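K.L.:
Residue numbers (our numbering), protein chains in the order written: chain A, 6 to 317; chain B, 307 to 556.
No lab work stands behind these hints: they were computed from the structure.
Predicted model only: the values in this text are computed from it and were never measured.
Mixed in with the good hints, there may be bad ones.
Covered by chain B, per the in silico footprint, the following chain A stretches (three or more residues, Cβ under 8 Å) [said to hold, decoys possible]: (1) 63-73; (2) 93-100; (3) 179-185; (4) 199-213.
Some chain B residues flagged as far from chain A (calculated, every beta-carbon gap over 12 Å) [stated by the list, open to error]: (5) N319; (6) S323; (7) M326; (8) L330; (9) S354; (10) E359; (11) E399; (12) Q406; (13) M447; (14) E486; (15) M492; (16) T495; (17) Q506; (18) L508; (19) G512; (20) E525.
A virtual CB, placed ideally from N, CA and C, is assigned to each residue, including glycine.
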Amino acid sequence: MTTSSKWNLAQGTVVTGRWKGGKYVVQRLLGQGANGIVYLVKHTGSARLYAMKLGFDTLDLQSEINVLKAVQRTRLRGLGENRNAPYLVEVDDYTHHGREIPFYVMRYVKGEALRTFLAHKGGQWLHVAGLHLLQQLRTLHEAGWAFGDLKPENVMVSPSGEVELIDYGGVSAVGKSIKQYTEWYDRGFWNAGSRTAEPSYDWFSFAVVCIHLLAEGPLKRAAQQLPQTRSSNDLLLIVQSDEALSPFRSWLELALRGDFRDTLHACQAWKKLVTGPYIARRVSAKTPGWMVGAFALSLTLLGCAIYLSLRF
Amino acid sequence: MKQIMLITDGCSNVGESPVMAAALARQEGITVNVVGIVDYGTIGELGSVEIEEIARAGGGMSRMSGTRQLAQTMQMMTRKTVVQTIQHAVNKELRQILGQTDTAVEDLPPDTRSQVVEVIDELSETSALEVVLLIDASASMRPKLAAVEEAIRDMMLSLGARQGTSRIAVFHFPGAHSGEEAVMDMDWTTELTGARSIFQKLTMRGATPTGPAILKVMEFFRYGTLEGHGSSNWLKESDRGEGMLGDYVV
Numbered sequence: 006m007t008t009s010s011k012w013n014l015a016q017g018t019v020v021t022g023r024w025k026g027g028k029y030v031v032q033r034l035l036g037q038g039a040n041g042i043v044y045l046v047k048h049t050g051s052a053r054l055y056a057m058k059l060g061f062d063t064l065d066l067q068s069e070i071n072v073l074k075a076v077q078r079t080r081l082r083g084l085g086e087n088r089n090a091p092y093l094v095e096v097d098d099y100t101h102h103g104r105e106i107p108f109y110v111m112r113y114v115k116g117e118a119l120r121t122f123l124a125h126k127g128g129q130w131l132h133v134a135g136l137h138l139l140q141q142l143r144t145l146h147e148a149g150w151a152f153g154d155l156k157p158e159n160v161m162v163s164p165s166g167e168v169e170l171i172d173y174g175g176v177s178a179v180g181k182s183i184k185q186y187t188e189w190y191d192r193g194f195w196n197a198g199s200r201t202a203e204p205s206y207d208w209f210s211f212a213v214v215c216i217h218l219l220a221e222g223p224l225k226r227a228a229q230q231l232p233q234t235r236s237s238n239d240l241l242l243i244v245q246s247d248e249a250l251s252p253f254r255s256w257l258e259l260a261l262r263g264d265f266r267d268t269l270h271a272c273q274a275w276k277k278l279v280t281g282p283y284i285a286r287r288v289s290a291k292t293p294g295w296m297v298g299a300f301a302l303s304l305t306l307l308g309c310a311i312y313l314s315l316r317f
Numbered sequence: 307m308k309q310i311m312l313i314t315d316g317c318s319n320v321g322e323s324p325v326m327a328a329a330l331a332r333q334e335g336i337t338v339n340v341v342g343i344v345d346y347g348t349i350g351e352l353g354s355v356e357i358e359e360i361a362r363a364g365g366g367m368s369r370m371s372g373t374r375q376l377a378q379t380m381q382m383m384t385r386k387t388v389v390q391t392i393q394h395a396v397n398k399e400l401r402q403i404l405g406q407t408d409t410a411v412e413d414l415p416p417d418t419r420s421q422v423v424e425v426i427d428e429l430s431e432t433s434a435l436e437v438v439l440l441i442d443a444s445a446s447m448r449p450k451l452a453a454v455e456e457a458i459r460d461m462m463l464s465l466g467a468r469q470g471t472s473r474i475a476v477f478h479f480p481g482a483h484s485g486e487e488a489v490m491d492m493d494w495t496t497e498l499t500g501a502r503s504i505f506q507k508l509t510m511r512g513a514t515p516t517g518p519a520i521l522k523v524m525e526f527f528r529y530g531t532l533e534g535h536g537s538s539n540w541l542k543e544s545d546r547g548e549g550m551l552g553d554y555v556v
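Using the sequences and the hints, build the whole thing.
P.N.:
What follows is the structure in structure tokens.
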């Protein structure tokens, strides 16, 4: 049966693997996902830091591990992703008060959740983080998976804007049903399509994440409507009317409608959006009104000066 | 795979014991899950004990939920029950293969476990599933029915995304007169479209005949499979499911 009781591991607890005997010392709590609790741990042999996820339910955690393994296989094969450290380090069980708790050990990513990151660094960093995030999704999609439960809390950003998706508990193979989702970011919640795992499901969630980060008020109001009347039109309306979203308008519309060819296309469109017209707009916007006025005044003065000097 | 999802906010007060009815359902290979709705005030000591007992007898699980989390709760329970049903069957097979009496998926070394769970996941996604939603529509539930209906629509959306055939039917209880224990609001369906309200034949009655309503739904299950509703493909699939269920039913 399910082990639904929650347990707390104090700092300094040594977690020893039942099968492989790996020893890890708990440093502190990192967070909690739908399938388990994540701790920062130190491997006793190498003194290296890792993140360790202890699962509430053996089966749920094992499906998550299976996904991680499959994604890792394609990552290693693929050329695009050239990360030095493997994501999944070890899988084992921990005997805690006579009960087996399944766990896996993964690479520890130092960083902040997307929302905190943007609050610290400023909203324009969404351009960088967004692109990295889309590239992560692209790797996943091209390997035949959809992330599913995409939300700001599941996106960790390093200080340089590199993105790591955490909590693979909601990842499903393309064509299957979405296992986990969160209301606002869910296509079904907005009556905008099925809960089938496919790239367009993630595009939609990504778009709502952007709206949530930049225009929280209007999104909240739209989400509070009667469920029957909620639709993706409400989101499109926010995208079209909200000033904060204007740089992303065209991209968000395509994402909400699921109109990209594939995630590569979505990446390219995002790149174009944040590099091309952005610079042009900056140049044109650089001439403020007072400068125009001053220039006109100086011209007049010059005219007067010439007139006067010619006159006398 | 067959499930009854009972949604109620209080205690039964008429007819056969719902715990007994749930135990019978389990013997027929139907898992009974119970959601207790706790929006306004509490559900009461007696109510919450009964809810737990019904679920235990029915081999399912029970949860308390407000109307806001209702959709999520129902889907989580349905999904978990599917996985558990398959897990029980797999555990049974494992015991036979390994010849040990207490082996379960959890006891396997991680590498072997990984393969077994892959099979369980695949079966959970592809096996045929039938869920009857049995809604308590006694007077106190009335203000919550709109939320219940919304949760049902949401659940159908999730089930519709599964690769296996999924269909649901909706019943409410009590009926218009004392002889009518449960009323069918919707026959087996694989998708919910249109804005038509699910609950239309509601009548005000104070009684809560939970037990008799469960028995009535069991009859519906029996009729549904015996009389051969749906395509032959569906029948073949549900036959296979029954064989597997037969293994683990105690």
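K.L.:
Counting residues of the segment 93-100 of chain A with a beta carbon closer than 8 Å to any beta carbon of chain B, are there 3 or more?
P.N.:
holds (count 3)
K.L.:
Verify this label for me: B/E359 is non-interface relative to chain A, using a Cβ-Cβ cutoff of 12 Å.
P.N.:
holds, 17 Å
K.L.:
Using Cβ atoms and 12 Å as the threshold, tell me whether B/E486 really stays out of contact range of chain A.
P.N.:
holds, 30 Å
K.L.:
Any Cβ of chain A at or closer than 12 Å to B/S354, or is the non-interface label fine?
P.N.:
holds, 16 Å
K.L.:
B/L508 clear of chain A by more than 12 Å, beta carbon to beta carbon?
P.N.:
holds, 19 Å
K.L.:
Checking a non-interface call: every C-beta of chain A should be farther than 12 Å from the C-beta of B/Q506. Is that right?
P.N.:
holds, 16 Å
K.L.:
Are all beta-carbon distances from B/E399 to chain A longer than 12 Å?
P.N.:
Given a closest Cβ separation of 15 Å, the condition holds.
K.L.:
Is the Cβ of B/T495 more than 12 Å away from each Cβ in chain A?
P.N.:
holds, 16 Å
K.L.:
Since B/E525 was said not to touch the interface, does its Cβ keep a gap of more than 12 Å from each Cβ of chain A?
P.N.:
holds, 30 Å
K.L.:
Is it correct that the beta-carbon of B/G512 has no partner in chain A closer than or equal to 12 Å?
P.N.:
Answer for B/G512: holds, closest chain A Cβ roughly 29 Å.
K.L.:
Check whether three or more residues of the segment 199-213 of chain A sit with their beta carbon closer than 8 Å to a beta carbon of chain B.
P.N.:
Our answer is that it holds, as 4 residues pass the Cβ test (under 8 Å) against chain B, meeting three.
K.L.:
Does B/L330 sit more than 12 Å from chain A, CB to CB?
P.N.:
The claim holds: B/L330 sits with its nearest Cβ about 22 Å from chain A, beyond 12 Å.
The structure agrees with every numbered hint stated previously.
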